[in-house]
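Hints in hand, dock the two standalone chains.
Here is what each chain is made of, one letter per residue.
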Amino acid sequence: MGDEEILKFDAIVIGAGPSGMCAAYVMAKAGMDVAVIERGEYPGSKNLFGGILFTTILNKLIPNFWEKAPVERNVISRKFAYLTDDTQVALEFKTERYNKPPYNNTFTVLRSKFDRWFAEETESIFNENSFVFSGFTVVDVIKEGHKVVGVVTDKEGPMYADVVICAEGANSLIAEKAGLKKKPEPHDMVTGVKEVIALPSAVIEDRFGVSGNEGVAIEYFGKAVDGMVGGAFIYTNKESLSVGISCSIIDFTKKRVNPNDILDKFKEHPAIKNLLRGGETIEYAAHMIPEFGYDKLPQLVADGIMLVGDTAGFVNTSHYHEGSNLAMASGVMAGETAVVAKQKGDYSAETLSLYVDKLNDSFVMKDLKKFRKTAKFLHENPQVLNDYPTQMVDTLVEYFTISEKPKEEIRKDVIGGLIKDVRFIRMLWDMNKARKVML
Amino acid sequence: MKIEDALKELKKLSLEDKLFTVKYNLSKDSHIEINHEICPKCSTERVCLTICPAKVYEEEEGSDKVHISFENCLECGTCRIACTDNAIDWQCPQGGMGVCYRCG
Chain B
97 MGDEEILKFD AIVIGAGPSG MCAAYVMAKA GMDVAVIERG EYPGSKNLFG
147 GILFTTILNK LIPNFWEKAP VERNVISRKF AYLTDDTQVA LEFKTERYNK
197 PPYNNTFTVL RSKFDRWFAE ETESIFNENS FVFSGFTVVD VIKEGHKVVG
247 VVTDKEGPMY ADVVICAEGA NSLIAEKAGL KKKPEPHDMV TGVKEVIALP
297 SAVIEDRFGV SGNEGVAIEY FGKAVDGMVG GAFIYTNKES LSVGISCSII
347 DFTKKRVNPN DILDKFKEHP AIKNLLRGGE TIEYAAHMIP EFGYDKLPQL
397 VADGIMLVGD TAGFVNTSHY HEGSNLAMAS GVMAGETAVV AKQKGDYSAE
447 TLSLYVDKLN DSFVMKDLKK FRKTAKFLHE NPQVLNDYPT QMVDTLVEYF
497 TISEKPKEEI RKDVIGGLIK DVRFIRMLWD MNKARKVML
Chain V
325 MKIEDALKEL KKLSLEDKLF TVKYNLSKDS HIEINHEICP KCSTERVCLT
375 ICPAKVYEEE EGSDKVHISF ENCLECGTCR IACTDNAIDW QCPQGGMGVC
425 YRCG
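Read top to bottom, the protein sequences are chains B and V.
Position 187 of the first sequence, counting from 1, maps to 283 under the working numbering, and the rest follow consecutively.
Position 31 of the second sequence, counting from 1, maps to 355 under the working numbering, and the rest follow consecutively.
Be careful, since some hints might not be right.
[To be verified] Not the full set, but computed from the structure, chain V residues with beta-carbon under 8 angstroms of chain B: (1) 349; (2) 352; (3) 353; (4) 356; (5) 357; (6) 374; (7) 377; (8) 395; (9) 398; (10) 419; (11) 426.
For the record, the hints were derived by calculation from the structure and aren't laboratory data.
Yeah, the Cβ is synthetic: ideal placement off N, Cα and C, and Gly gets one too.
If we strip away everything but chain V, and leave its shape as in the complex, we get (with noise of 0.2 angstroms):
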């Protein structure tokens, strides 16, 4: 490395850029299932949009639906116990896929 490239500033990743470094074996299946009638009535303010590590849940444009990237998740199942209303039924993915750490 040169002095130069060791003096740069580490370069600011979005959390879009952060998830391409992460490797998936992407399922066709959802692992994350919402309950649509708990959903509505939340008592915790969807702490889910705000809390997930990747982002996983997003107001969908237009409704007041929630809408799960389950491609992104890192299965940390944080959402899962902030989300004290039960209404986020996470399962582990099919096996071998998911997220798949080459460091961790």
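The following block holds chain B by itself, in its conformation from the complex (with noise of 0.2 angstroms):
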């Protein structure tokens, strides 16, 4: 491409994870030429998770993706768990019927391989005029008024398009220059590490009780991240683990600790400590998860650009802990719009407003709403992660510990000192307004 050659598309994509991706396929697939401009060194380098997929958009845009994408296990145990500093409470779900296409759609993955993967495949249905820019920083927006007409690229300077889709990720730098967002405040955001511990896939299956391609989805909470806002899990990958905790930035504030010293805590607690045996850390990581709701989404479209993904927020922060799902079908839907606005010449808000229209009408606002008080609720409360699960931990170790006196006492002492237990009666009052907030 020569020096006054101007580089002009029909769309531009800021970052190639899995909102990007997705709006990319969508515009590929209508012909469109499409410009993906990602500034890891490869698709997924810059890319982080805690480590599940759901895949049921995934699954219609490239069906049966699993039999040649790289995932890691389809998940067919999910655990969640309280800890205290020495006991832990479980409930796991498992179940055959998720050992079957589509597997529920819920995979382990690294996102490196996964991406990358991802991005090659979208790359194939390209058109001759359509690339991923790999190694290719955006520094910012091209505006003509009040329209964003471009992006500046630290590489090849000025590129241009009709629309913009920003995907750039949770520390959303272009949308907050773009004018469409504001910088996030510390309890809006949530901090994540995590380490991928090798082990063979052998012992995995025998530690965790699956086989073959199965794998689980552990998640922990109360002691595991020292009853701040947030938790720490374990996924099984095919020959290692993905551990790690997650937490809001204005507790690692207010605590003063430091992530990794959580993680390292996590890892040596009598629970967790021989789960992790014989393993070697592989990578150490971190990233951040955009949890402010719906209640504070950014602006996400103007005249000629479009916010996907972590950068629009579509984080569901309830039990199911969805991310990738959201992003991709707001990508889908970021990428549908661009059709749309391609075939009536126009990108203008009002145009673009179609995809606001679609994230309205689907799950992806719909879980946002419905679940638009659960952080703020367990910031506020945080004996709900906090001292209940102690309480309740003090309660069943009562009722559990063998002695010589007769059962029925027991039961009777357990039961009857609950019921006179004022803290008790708060509990019960708090777990249902907690019901009501997050399942």
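Below, the structure written as structure tokens:
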């Protein structure tokens, strides 16, 4: 490409993560000229999440994708566990029904492998005027009046397009520069750190009670993260475990603790350390998760630009912990909107607001709306993740402790004690509120 | 894997050891700048010193200036959010540079 040549596309996508690539895929299928600009050495090299990819959207784009995509294991068991200093209380849900296609659309993946594959798969349907530019950082948007008409990159300078889809992720510098978003507050964002710990597949299967490609997803709360708003997790990959914690930035700030120290403490918990025996840490990583929720969503659309995925804050903070699925759905909807805009030859905010209509009609906004109070509730009621599990565990320990006391007496003492305990009444009250905002 | 190996406790790694597991494409230029006018008047008691998962920020010995080991940055962006005084100017590293996850 000569210096004098202006680089102009139908659409520019900033970021080659799941939301950006879904948008690119939909637009490429409609024959549009697409440029995906990825700042990493290759797609996926800057990307990170805990470890579970939800794939209802992906399976529609690329049916039976798991036959060729680098997925690690299909999740047949989900476990939720409360930890205190020395005890674990857990609920495991494991079903053989999730062990056949489409595998409940829940797979563990390693993002740098998966995202790279998805980008290559998308490139394979690109026309001759479409490209993934890896190793290019977008430093700003170009505006003509109010309309976004392109981006400035650090290598190629200006690149123009009728529409820009901003899929840059949680740390959304460009969306802020474009004026669609304010810098988030510390209580709106979560930071996660993770280690990938290598273990032979036979050891993983034996230790976690699975075989073949079956996998397990475990989430931990309470003392797992020192009672902060957040949790810890272990996900089984083929030949490694993804082990991490993620907590609200305001909690790290208030406690003046380092996320890595919380992760180390979690790994040494008596309920955890035996799961990690013999492993070797092969990668350490950190990332942010936007958890500002429905009430603080940014402006999603302006003339010539749309925000998708983490940039837009599409994360379901409930027990589902869904991010990737919402990201992919928003990417598809933004892509479809861009296709309509091209047909109309109009990329104004008014035309692009079709994207917002699509979101409103879908599970993305419906779920964000339903769980809009979850994060706020947990911040305002720290006892739900902190004191109550401990009280519950103390009661269970009392109930299950073997002694010479007749069992009937133990039962009477434990239940009688609970009924008299004002804290228990308060707990039931709070847990009922928690159920309403979280389930 | 031998049974003895599978039973060994996971080796404790220091943060420095952990950062050795990370692949970086090293850039000469820092993508992080500190505003030295705002920084000394910090209202967050220099949360950057404790919160960064890669401990990029350290107090310089014998001085109250903050030193940035930008080479270790994992590009999570937490410092930018935690520093509510906006004393940290965090930009993306030059294209292709910085952290390069092989697992992710």
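Okay, the hints, checked on the actual structure:
1. 349: holds (6 angstroms)
2. 352: Violated: closest Cβ of chain B sits about 14 angstroms from residue 352 of chain V, beyond 8 angstroms.
3. 353: Since chain B brings no Cβ nearer than about 11 angstroms to residue 353 of chain V, farther than 8 angstroms, the hint is violated.
4. 356: Violated. Min distance 12 angstroms.
5. 357: Hint violated; residue 357 of chain V Cβ to chain B Cβ min 14 angstroms, cut 8 angstroms.
6. 374: holds (5 angstroms)
7. 377: holds (4 angstroms)
8. 395: violated (15 angstroms)
9. 398: holds (4 angstroms)
10. 419: holds (4 angstroms)
11. 426: holds (6 angstroms)
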